[in-house]
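Novice: Kindly produce the complete structure, drawing on both the sequences and the hints.
Number of protein chains: 2
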Amino acid sequence: MAEDPAGAVFGALAEPVRRQLLQTIADHPATATELASRLPISRQAVTKHLSSLSAAGLLERERAGRDIRYRVTPAPLTQAMSWMAEVGGQWDDRLSRLSRTLQAPGSPDATLPG
Amino acid sequence: MAEDPAGAVFGALAEPVRRQLLQTIADHPATATELASRLPISRQAVTKHLSSLSAAGLLERERAGRDIRYRVTPAPLTQAMSWMAEVGGQWDDRLSRLSRTLQAPGSPDATLPG
DNA sequence: ATAAGGTGCAACCGATTGGTTGCGTAATGA
DNA sequence: TCATTACGCAACCAATCGGTTGCACCTTAT
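Just so you know, the sequences run in chain order A and B. The opening position of the first sequence corresponds to residue 1008 in our numbering, with each subsequent residue numbered one higher. The opening position of the second sequence corresponds to residue 1008 in our numbering, with each subsequent residue numbered one higher.
Calculated from the structure, these hints are not laboratory results. Some hints here could point you the wrong way.
Over the 12 Å line for every Cβ pair with chain A, so calculated as not near, a few chain B residues [stated by the list, open to error]:
1) Leu1046
2) Pro1047
3) Ile1048
4) Lys1055
5) Arg1073
6) Arg1076
7) Thr1085
8) Arg1104
Some chain A residues judged to face chain B by a derived CB distance under 7 Å, without partners named [said to hold, decoys possible]:
9) Gly1014
10) Leu1020
11) Leu1084
12) Met1091
Glycine included, every Cβ here is placed at the ideal spot set by N, Cα and C.
Specialist: Here's what the structure looks like:
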């Protein structure tokens, strides 16, 4: 999925574990080991998932001494939603309204990594 | 990705070919052979992609004689966007607004398959 | 009747993926 | 100092994925 920002975001959200990680980090930023302790998988597996989310631009890494704390950066979500609203807007009035809302200025907008 | 509606949607949208197929079908419903003729891949490959999109509830199949025409059913997009808006809404004001909009009644809402 | 066109099914292949384990490195704290 | 702790890198494995090819089935048209 090289050079495919949208694909990276959707691909990252495709895995249940990654969606759960995202929600957990949304509640409270955490480190890989912390997250792994609450899941039935190894720390390395969690780290790989976090890398996938980071590559999609959905996570921010902040080093604090010997551990690394992850927090959510939701900007790519907005762009992904914009794509969806555009495709679905032709049938669904609500989606076309969203499409307009997403393109309107409102909060600081960032760009997908690439 | 069994029994994972959201994962099916995101997974379907993760592939560039499938997103392009979705956009093409959005412009005008088409058959697998038609779509394959405009792509550098075989009809079987296209069929597999269409199956993936169908499994996510994003496409509707309509048999017409000897061919099958696909059209878009954007309902699952709405639900996927709702999930995203909920996760991202804590940081982004615009997303939290969208989250409210998505939960409000507006157009006939369908449910994800599963 | 028979050829042609569109679909479905199945086998197969190489690449990717989610997961593991093992080991090396760096920062913390007793 | 030295054990502990959090992390990174790499190898490895089974399963899944995107793609191909070959073939059988059914509908349409000559």
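Novice: Determine for every hint whether it applies to the structure shown.
Specialist: Going down the list of hints, with the structure as the test:
no. : hint    : result
1   : Leu1046 : 17 Å, holds
2   : Pro1047 : 17 Å, holds
3   : Ile1048 : 16 Å, holds
4   : Lys1055 : 16 Å, holds
5   : Arg1073 : 27 Å, holds
6   : Arg1076 : 16 Å, holds
7   : Thr1085 : 6 Å, violated
8   : Arg1104 : 7 Å, violated
9   : Gly1014 : 5 Å, holds
10  : Leu1020 : 4 Å, holds
11  : Leu1084 : 4 Å, holds
12  : Met1091 : 5 Å, holds
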